Amino acid sequence: MPSFVPYLVHTLFPPGVLLPDILLIDFGLICAGIGVIVLLTKTRRWGWLWYDWLTTVDHKKIAILYLIASLVMLMRGGIDALMLRAQLALPTTHFMPASQYDEVFTTHGTIMVFFMGMPFIFALFNAVVPLMIGARDVAFPRLNAMSYWLFAFGAILFNISFVIGGSPNAGWTAYPPYTGLAFNPGPGENYYFLALIIAGMGTTMTGINFLVTTLKMRAPGMSLMKMPMFVWSTMVTSALILFAFPPLTVALAMSLFDRLFGSHFFTLARGGMPMMYVNLFWLFGHPEVYILIIPLFGVFSEVVATFSKKVLFGYPVMVASIVAIMFLAYGTWVHHFFTMGAGPAVNAFFGLSTMLIAIPTGVKIFNWIFTMWGGRIQTTTAMLYQMAFIPVFMVGGATGILLAVVPADYQLHNSYFLVAHFHNVLIGGTLFGLLSGLYYWWPKMFGMKLNETQGKWAFWLFLIGFWVTFLPQYLLGLKGMTRRIYTYPLGFGWHDLNVISTFGAFIMGAAFVVLVYNIVWSLLYGERDLTGDPWDGRTLEWSLPSPVPEYNFPRIPVVHDRDAWWAMKQKGQSLADLRPEDVHDVEMPKNSPIPFLLGASFFVLGFGMTFAWWPIAIIGFVGIILCLLFSGFDYDDHHHLKADVIRQTEATLGRLQG
Amino acid sequence: MFAQRLMESYRKLVLAALAAGAGLLSAGFSFGPKYVLLHPAGPVAKSELHVFILALELMAIVAVIVLALFFYAIVRFRDTAGNTAPYTPNWHSHTLLEVSVWILPAILLLFIAIPTVKTTFSLAHLPKGKDPVVIDVTSLTWKWLFEYPKQHIATVNYAVIPANRPVLFELTADSPMNTFWVPQLGGMEYTMPNRVLPLWLEADKAGTYWGHSGQFSGVGFEKMFFNVKAVSQKSFQTWTTTTASAHPMTLAAYDRLLKQTTVGDSTYGNYPADTFPTLASGFSLTGSGMYMVMHDKKGISYIPMVGS
Chain A
1 MPSFVPYLVH
11 TLFPPGVLLP
21 DILLIDFGLI
31 CAGIGVIVLL
41 TKTRRWGWLW
51 YDWLTTVDHK
61 KIAILYLIAS
71 LVMLMRGGID
81 ALMLRAQLAL
91 PTTHFMPASQ
101 YDEVFTTHGT
111 IMVFFMGMPF
121 IFALFNAVVP
131 LMIGARDVAF
141 PRLNAMSYWL
151 FAFGAILFNI
161 SFVIGGSPNA
171 GWTAYPPYTG
181 LAFNPGPGEN
191 YYFLALIIAG
201 MGTTMTGINF
211 LVTTLKMRAP
221 GMSLMKMPMF
231 VWSTMVTSAL
241 ILFAFPPLTV
251 ALAMSLFDRL
261 FGSHFFTLAR
271 GGMPMMYVNL
281 FWLFGHPEVY
291 ILIIPLFGVF
301 SEVVATFSKK
311 VLFGYPVMVA
321 SIVAIMFLAY
331 GTWVHHFFTM
341 GAGPAVNAFF
351 GLSTMLIAIP
361 TGVKIFNWIF
371 TMWGGRIQTT
381 TAMLYQMAFI
391 PVFMVGGATG
401 ILLAVVPADY
411 QLHNSYFLVA
421 HFHNVLIGGT
431 LFGLLSGLYY
441 WWPKMFGMKL
451 NETQGKWAFW
461 LFLIGFWVTF
471 LPQYLLGLKG
481 MTRRIYTYPL
491 GFGWHDLNVI
501 STFGAFIMGA
511 AFVVLVYNIV
521 WSLLYGERDL
531 TGDPWDGRTL
541 EWSLPSPVPE
551 YNFPRIPVVH
561 DRDAWWAMKQ
571 KGQSLADLRP
581 EDVHDVEMPK
591 NSPIPFLLGA
601 SFFVLGFGMT
611 FAWWPIAIIG
621 FVGIILCLLF
631 SGFDYDDHHH
641 LKADVIRQTE
651 ATLGRLQG
Chain B
1 MFAQRLMESY
11 RKLVLAALAA
21 GAGLLSAGFS
31 FGPKYVLLHP
41 AGPVAKSELH
51 VFILALELMA
61 IVAVIVLALF
71 FYAIVRFRDT
81 AGNTAPYTPN
91 WHSHTLLEVS
101 VWILPAILLL
111 FIAIPTVKTT
121 FSLAHLPKGK
131 DPVVIDVTSL
141 TWKWLFEYPK
151 QHIATVNYAV
161 IPANRPVLFE
171 LTADSPMNTF
181 WVPQLGGMEY
191 TMPNRVLPLW
201 LEADKAGTYW
211 GHSGQFSGVG
221 FEKMFFNVKA
231 VSQKSFQTWT
241 TTTASAHPMT
251 LAAYDRLLKQ
261 TTVGDSTYGN
271 YPADTFPTLA
281 SGFSLTGSGM
291 YMVMHDKKGI
301 SYIPMVGS
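Protein sequence lines correspond, in order, to chains A and B. Each residue of the first sequence is one higher than the last, beginning at 1 in the numbering used here. Each residue of the second sequence is one higher than the last, beginning at 1 in the numbering used here.
Since the hints were derived computationally from the structure, they do not count as laboratory data. Among these hints, one or two may not hold up.
[Stated by the list, open to error] Pairs of lysine to any residue residues, derived as SDA-like cross-links and limited to a Cα-Cα distance of at most 20 Å, are as follows: (1) A:Lys309 <-> B:Ala81; (2) B:Lys118 <-> A:Ala345; (3) B:Lys34 <-> A:Lys569; (4) B:Lys34 <-> A:Leu471; (5) B:Lys205 <-> B:Lys150; (6) B:Lys150 <-> B:Pro248; (7) A:Lys226 <-> B:Trp91; (8) A:Lys226 <-> B:Asn90; (9) A:Lys309 <-> B:Trp91; (10) B:Lys34 <-> A:Leu497; (11) A:Lys569 <-> B:Lys128; (12) A:Lys60 <-> A:Trp48; (13) A:Lys571 <-> B:Lys223; (14) B:Lys34 <-> A:Asp496; (15) A:Lys309 <-> B:Pro248; (16) B:Lys223 <-> A:Leu84; (17) B:Lys128 <-> A:Gly343.
Small disclaimer: the values here were computed from a predicted structure and weren't measured.
This is chain A alone, in the form it adopts within the complex (with noise of 0.2 Å):
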């Protein structure tokens, strides 16, 4: 017994984690903790925290879910992006430990593509995508509520790696034979598989959720071509995700398998392929990509109408165009490696495939254009970003165009050109994107707008901050500056650059702040959205009163255009005249304990898996069996919402008649 002691403070606390900074945060998180519960039973909210938002099924309030675990990320992504940026500002710096260094680059990446922009996206879909096709909730509202929490466990127990055991550090991409276990003893490497394997079974019921939801969930009259932009966008992805999850859910198995039960997929001895992963890890990396932007094309499809005050241009065309880009994306992924040696023939198809993909994505940065050709521009903070997106994402897509040029890319792969390109699209258009529809949607999840001075500040510092960052980045590729890399000595004349750079990152980590002040200070006193359709919409979420009731709709509408609010605004109809006597019961999903509960089983595995104490594993295992044994039998999974309660909510927001 008291050799026990010592090791379970020696795995779980090894130096790595008992670093100074490290050591404040911790202390950090333990006051916010306690800060939490001492609120939470002053104010008597546990039975609020649990009954309305921990076991609710409902789409609204898993977006706001969605939303806050996205925001709490993009601070912790934020803040690693700040420590490198700070490590590498000067040459031959040792800000942190070369070590830590690593674990810092790979928490960013990793938490900002799963744990920040895939979440905020299904925050999104969730938040509207209902709304939109005129349905009360998603095809399976339980299974929405377990794909939520099946991510919230996988982040945390990704998040407390840097806390317990140490954080994984072999990059986001996680290629072996560096994460086996001859190179990378610690438990951070299993931490990175798990977390994602878990989350990313989330994904994949996500992609399942929303794929039948779009497809057999839309309301009367609204066909394939009356969908709105957005809720395209959301099939595509959901398509995208369902196809390039399992080949990332056997990549990192096999990893893991190499590092807990002694295979050899992976490893340098005894034969292991590593190349092999890097194949798989790709395939689902490219579509996912295109799973990180097409949504946002959508947000930025439904904003520039709005804010042009005119229809979307060529909506065949940008159907077509999304439809092309989802199976192109499955035959571009070699691009990834060009340097690996497949051969003339395989790079040229695969460089051939690659600029292929460009003259799709090209064809909707045009008709964005167009759209706003002959329109009225209002420029609000979400029709900025939207602005802003279109010459970033542009100089990102020439980039991209680049480097699947395989000669160049030859010269550029891993170079911070590279590193430049892919932060040019994934903040010029995801990020930009998720802010846009976090601006424009805002009001419809809250009930108040985000104020329109403070968000164009931080726009503005978004802007600017990101051009200082990332311009010179494309220059240090040209130096010869290579990714990840620690630090750098003097003489290859990287430093002058590399402190702009990391100014400029200051300004976005600026950014930040005021984009929180906004939403703390709009939350307070923001002005209210008492019409529900304060942008003058044109989709179906805007007939809503904000936040919109329980049951969505209180009738579904019948659609007959494809701005279908739009159509109906000129038609002079409204939906807020409804009847006493079409106001009918309404059958709504129940909340469950089931989802948290299965999450939290989940999460027991995986920390057991991750320090191999099988026995912790095995209680999360029968947890999970559990979970799912009583959810299959759970029958009394639904209630019926009777029409006086929908009639008086209605009467009370005025949108009854009589």
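Based on these hints, arrange chain B on the given structure of chain A.
What follows is chain B alone, placed relative to chain A:
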């Protein structure tokens, strides 16, 4: 009248942007020597830079067109009181426009695609009629081992090559993956355990060219810099002869190199036989099929695999 004046200034703006773009591009060639990618020192790096610049110029044309349309639109169609621009809220389709946004970029991309494919294939072959020097490269944690199979000499963290003669680097790893990269001589290639990948480079003139790894491989990764010294054919021969009399690398010395350390440069007169894969598969530089490398007493031979 206003529209006309706007068009006038807009045209001037486009011309100015074009001029600025061209200026920036030509400035690229005057970027200092620290911009190693813009200062190639061999035929491989030169042809890679050539297609890069070509693609960059074509992309600049696209950028100018898109930016011109974009800035015109956001200025002209702003929602301000008294804006006289035409307001067409239901304009959603224009067949010619919709077709040309597919066709024109496709045509433009052809101009990039054709040289891309040509260069990709030409780089996959050693230049004919030139006898290459073969160097077996092994990436270790965190150092580079260069073995000269014909000359039976080995170096650590630097290599000496003859100028104006192609060098065939055969790449493998006894470590996590890295990439072998000498920016001024040409693009990179992965070093992978249990695989041998070929990469040929050539230096036009004598000089020292730095190289390093582009693939993260652990805490000492940033120390994986090395130098490639290109010298005249005559000096190369002198160097190999004098080096041959240096101390040989023992197996014990190789095992020390395998440790997770960083080391300085060193030179060995010989090296143990089994440190480089004696039989490995890769892709041929001289043909399109798979080949196997065979090391034996007679030297190295390339055996094409059956069926390719």
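Hint by hint, here is what the structure shows:
{"no.": "1", "hint": "A:Lys309 <-> B:Ala81", "result": "holds, 15 Å"}
{"no.": "2", "hint": "B:Lys118 <-> A:Ala345", "result": "holds, 11 Å"}
{"no.": "3", "hint": "B:Lys34 <-> A:Lys569", "result": "violated, 62 Å"}
{"no.": "4", "hint": "B:Lys34 <-> A:Leu471", "result": "holds, 17 Å"}
{"no.": "5", "hint": "B:Lys205 <-> B:Lys150", "result": "violated, 23 Å"}
{"no.": "6", "hint": "B:Lys150 <-> B:Pro248", "result": "holds, 15 Å"}
{"no.": "7", "hint": "A:Lys226 <-> B:Trp91", "result": "holds, 17 Å"}
{"no.": "8", "hint": "A:Lys226 <-> B:Asn90", "result": "holds, 16 Å"}
{"no.": "9", "hint": "A:Lys309 <-> B:Trp91", "result": "holds, 11 Å"}
{"no.": "10", "hint": "B:Lys34 <-> A:Leu497", "result": "holds, 12 Å"}
{"no.": "11", "hint": "A:Lys569 <-> B:Lys128", "result": "violated, 73 Å"}
{"no.": "12", "hint": "A:Lys60 <-> A:Trp48", "result": "holds, 16 Å"}
{"no.": "13", "hint": "A:Lys571 <-> B:Lys223", "result": "violated, 70 Å"}
{"no.": "14", "hint": "B:Lys34 <-> A:Asp496", "result": "holds, 12 Å"}
{"no.": "15", "hint": "A:Lys309 <-> B:Pro248", "result": "violated, 79 Å"}
{"no.": "16", "hint": "B:Lys223 <-> A:Leu84", "result": "holds, 18 Å"}
{"no.": "17", "hint": "B:Lys128 <-> A:Gly343", "result": "holds, 18 Å"}
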